[in-house]
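Protein chains: 2
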Amino acid sequence: MKKQTFKFTSASVDYYFNASIKQLKEIVDPTHAIIITDENINALHATKFKGFKTIVIPAGEKHKNQVTIDGIINQLIALQTDRKSTLIGIGGGVITDMTGYVASIYMRGIAFGFVPTTLLAMVDASIGGKNGIDVGIYKNMIGIIRQPKFLLYDVSLLKTLPQADWSNGFAEIIKHACIKDAPMFKLLKENTLAKFQKNKELLAKLVERNAKLKTKVVQQDEFEQGDRKLLNYGHTLGHALENQYELYHGQAVAIGMVYAGIISKQLLKFKQADAVVEVLAKYGLPTQMDFDKTKAIEVLKMDKKREKSTINYILLEKIGKGVIKQLPLTEIEQIIQSF
Amino acid sequence: MKKQTFKFTSASVDYYFNASIKQLKEIVDPTHAIIITDENINALHATKFKGFKTIVIPAGEKHKNQVTIDGIINQLIALQTDRKSTLIGIGGGVITDMTGYVASIYMRGIAFGFVPTTLLAMVDASIGGKNGIDVGIYKNMIGIIRQPKFLLYDVSLLKTLPQADWSNGFAEIIKHACIKDAPMFKLLKENTLAKFQKNKELLAKLVERNAKLKTKVVQQDEFEQGDRKLLNYGHTLGHALENQYELYHGQAVAIGMVYAGIISKQLLKFKQADAVVEVLAKYGLPTQMDFDKTKAIEVLKMDKKREKSTINYILLEKIGKGVIKQLPLTEIEQIIQSF
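Chains V and Z, in that order, are what the protein sequence lines are. The working numbering puts the first sequence at residues 212 to 550. The working numbering puts the second sequence at residues 212 to 550.
Simulated from the structure, these hints should not be mistaken for laboratory data. Mixed in with the good hints, there may be bad ones.
If chains are identical, the list can't say which one is meant, so a pair holds when it fits in one copy or spans any two.
What the hints assert, rightly or not - Computed cross-link-like contacts, DSBU-like style, restricted to lysine-lysine with a CA-CA straight-line distance of at most 35 angstroms:
{"#": "1", "residue 1": "Lys427", "residue 2": "Lys264"}
{"#": "2", "residue 1": "Lys504", "residue 2": "Lys476"}
{"#": "3", "residue 1": "Lys476", "residue 2": "Lys233"}
{"#": "4", "residue 1": "Lys519", "residue 2": "Lys218"}
{"#": "5", "residue 1": "Lys236", "residue 2": "Lys519"}
{"#": "6", "residue 1": "Lys360", "residue 2": "Lys440"}
{"#": "7", "residue 1": "Lys512", "residue 2": "Lys233"}
{"#": "8", "residue 1": "Lys512", "residue 2": "Lys236"}
{"#": "9", "residue 1": "Lys360", "residue 2": "Lys218"}
{"#": "10", "residue 1": "Lys236", "residue 2": "Lys532"}
{"#": "11", "residue 1": "Lys360", "residue 2": "Lys482"}
{"#": "12", "residue 1": "Lys261", "residue 2": "Lys532"}
{"#": "13", "residue 1": "Lys264", "residue 2": "Lys536"}
{"#": "14", "residue 1": "Lys360", "residue 2": "Lys536"}
{"#": "15", "residue 1": "Lys427", "residue 2": "Lys529"}
{"#": "16", "residue 1": "Lys532", "residue 2": "Lys213"}
{"#": "17", "residue 1": "Lys409", "residue 2": "Lys504"}
Keep in mind the model is a prediction, meaning the values are calculated, not measured.
Work out the full structure, taking the sequences as your base and the hints as a guide.
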């Protein structure tokens with residue numbers, strides 16, 4: 212277990228790399244901690260939660276809503292959870308998002324930490340303090356920004372991860388490479404999904420590299436005034452598609468990255484749109500899709516990134532260099548309709 | 212209109228003293244602002260809201276819950292509220308608490324301001340950035356701390372205030388005097404409720420004095436690690452009684468202050484418990500009540516101020532000097548049972 216502390220504006224976060232979930236007890240006092248997890252994770256790992264009170268919620272993005280939050284709050288009250296308690300979210304992004312959110316609003320904020328169990332949560336969802344829930348088809352419409360106290364990384368938890376979830380995680384890894392890390396893009400091109408799955412050391416290194424990349428971006432811009440917006444690469448259209456078609460997050464983002472690549476080619480003379488498509492395909496991600504463009508545009512109009520009549524759209528100048536462009540909604544509408 | 216800016220850790224807040232609600236348009240652009248108010252205020256003042264989009268919710272503490280928040284969120288989405296929008300809470304503490312809360316979680320936080328319309332909200336509820344909702348009988352169980360962008364003070368709005376609401380506000384004014392301002396305690400003793408109601412200038416001065424007193428306490432301790440806890444004087448038992456017996460907040464706090472006076476006498480040799488009772492009575496507040504002690508203690512155990520097996524209880528050494536005492540739950544239980 213290797214502990215590294217990263218400072219954010221409002222708080223410091225302890226990252227425990229190369230750790231085991233069994234070491235959780237060394238970090239938090241079980242008598243004042245409550246684990247929040249989902250049915251799937253609980254079925255696989257319940258024995259590892261011994262000694263902790265545990266709240267188990269139904270699995271899946273469709274439960275990332277107020278109804279589930281209400282249920283968690285009632286259980287927290289029943290367990291006499293107080294301000295000195297720590298909530299520990301063990302699961303994928305849905306669990307870390309909801310745990311962070313409920314901890315941030317319960318008694319006006321109590322401590323929380325995460326043990327991400329999916330590749331996506333390890334490299335992305337659990338980092339940066341964004342939390343929240345969906346409202347109908349609007350993703351993350353409700354939430355706040357608040358940092359966890361700790362993150363525990365145990366890549367052995369990925370052993371049971373379904374194949375689709377691996378691709379899901381790689382979508383964000385490819386995104387990181389596209390906007391910030393050309394050498395990693397090369398690494399991804401030269402390796403394969405199977406190789407990362409087999410080689411635990413290579414995987415742990417990749418996870419740490421991505422966790423640190425995202426952390427650095429967030430540290431420099433915690434409240435998303437500038438550079439952090441780059442992390443939305445592929446997400447603007449991606450989010451619009453995700454709930455509408457019940458896609459995996461990574462699949463939706465992959466499609467979003469492909470389209471952002473085409474827009475980048477059109478507006479910024481970006482030359483490597485095809486290379487992005489190629490790497491996405493290599494890691495099991497979809498690169499084309501038929502969708503209802505008019506409906507997608509309607510959802511885009513409610514995107515949090517909308518500001519009056521424009522959207523901050525993330526484009527690529529080249530691999531490793533993402534840029535933020537404020538585009539009029541009408542222009543985006545035109546380009547999407549013309550695809 | 213007199214503008215004064217106060218700095219908090221996370222943000223600056225503009226206070227507009229001696230202002231008129233008609234000046235709201237000078238502070239916020241109506242095309243990107245949404246008023247949140249209740250049925251009563253809307254019936255009295257709707258003409259003043261012209262040019263603003265308005266969300267009207269049912270009046271009363273019993274609606275300060277998630278159901279109402281869900282309704283507001285759906286209306287915000289329908290109104291295409293974006294991150295550049297400002298929510299303006301116009302009403303008493305229930306409205307300012309809910310407006311601040313929903314603005315803090317909508318799209319992970321948008322701007323908000325308040326026009327308090329009750330004495331209680333002017334001197335207390337609208338100040339300090341605490342917001343939230345109740346969960347069943349547990350008051351303010353859910354919420355966060357976040358500062359408004361502005362506060363607009365128009366004491367002429369108090370003209371239509373029912374008598375009980377005047378007393379309600381004076382409960383907090385008396386509280387401020389008890390914990391921090393002995394000269395104001397003297398002022399309250401020498402004057403009467405009727406006199407403050409008749410003399411607009413005297414009232415405006417009293418409101419400003421209390422708004423600034425609370426602001427100063429909060430500034431020095433925004434996240435309630437120390438001195439801000441003094442503002443809970445009378446509130447620990449008060450909150451336990453308030454929802455259980457559907458008391459007015461001020462009535463519940465008045466009873467809480469009476470009991471805190473007795474505990475102070477017992478533990479700290481506080482000599483002026485009778486003077487507190489006398490001033491409370493003078494401003495139309497109750498000073499005794501039969502209540503189910505066992506049930507009140509049960510609710511106390513879920514108080515946010517509880518930390519493991521103790522509660523931070525606010526007591527008085529003398530008038531103008533409140534102190535924080537960490538008391539074991541068992542000791543509080545014993546004292547309350549012995550009353």
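These are the hints, each one checked on the structure:
In this assembly of identical chains, Lys427 and Lys264 lie within 35 angstroms of each other by CA distance solely inside one copy; the values are 33 angstroms within and 40 angstroms between copies. When the C-alpha separation of Lys504 and Lys476 is checked against a cutoff of 35 angstroms, the pair qualifies only within one copy, where the shortest distance is 20 angstroms, while the shortest distance between copies is 72 angstroms. Within a single copy, Lys476 and Lys233 get their C-alpha atoms no closer than 48 angstroms, and across copies no closer than 51 angstroms, so neither meets the 35 angstroms cut-off. Within a single copy, Lys519 and Lys218 get their C-alpha atoms as close as 33 angstroms, and across copies as close as 29 angstroms, so both meet the 35 angstroms cut-off.
Proximity of Lys236 and Lys519 under a CA criterion of 35 angstroms is satisfied inter-copy only: 19 angstroms between copies versus 48 angstroms inside one chain copy. With identical chains, the CA atoms of Lys360 and Lys440 are at most 35 angstroms apart both within one copy (23 angstroms) and between copies (24 angstroms). In the homo-oligomer, the alpha carbons of Lys512 and Lys233 lie at most 35 angstroms apart only across protomers (32 angstroms), although the nearest pairing inside one protomer, at 45 angstroms, exceeds that limit. In this homomeric assembly, Lys512 and Lys236 come within 35 angstroms of each other (Cα to Cα) only across copies, at 27 angstroms, whereas the closest approach inside a single copy is 45 angstroms.
Taking the closest pair of Cα atoms, Lys360 and Lys218 come within 35 angstroms of each other both inside a single copy (11 angstroms) and across two copies (27 angstroms). For a Cα distance limit of 35 angstroms, the shortest separation of Lys236 from Lys532 qualifies neither inside one copy, at 41 angstroms, nor across copies, at 43 angstroms. When the C-alpha separation of Lys360 and Lys482 is checked against a cutoff of 35 angstroms, the pair qualifies neither within a copy, at 41 angstroms, nor between copies, at 45 angstroms. When the C-alpha separation of Lys261 and Lys532 is checked against a cutoff of 35 angstroms, the pair qualifies neither within a copy, at 46 angstroms, nor between copies, at 48 angstroms.
For a Cα distance limit of 35 angstroms, the shortest separation of Lys264 from Lys536 across copies, 30 angstroms, qualifies, whereas the shortest one inside one copy, 47 angstroms, does not. For a Cα distance limit of 35 angstroms, the shortest separation of Lys360 from Lys536 qualifies both inside one copy, at 34 angstroms, and across copies, at 28 angstroms. Taking the closest pair of Cα atoms, Lys427 and Lys529 come within 35 angstroms of each other only inside a single copy of the chain (20 angstroms); across copies the shortest separation is 52 angstroms, beyond that limit. For the identical chains of this complex, Lys532 and Lys213 are intra-copy neighbours only, at 30 angstroms inside a copy versus 49 angstroms across copies, given an alpha-carbon limit of 35 angstroms.
Taking the shortest Cα distances, Lys409 and Lys504 never come within 35 angstroms of each other, neither inside one copy (40 angstroms) nor across copies (64 angstroms).
Going through the hint list in order, the structure does not satisfy hints 3, 10, 11, 12, 17.
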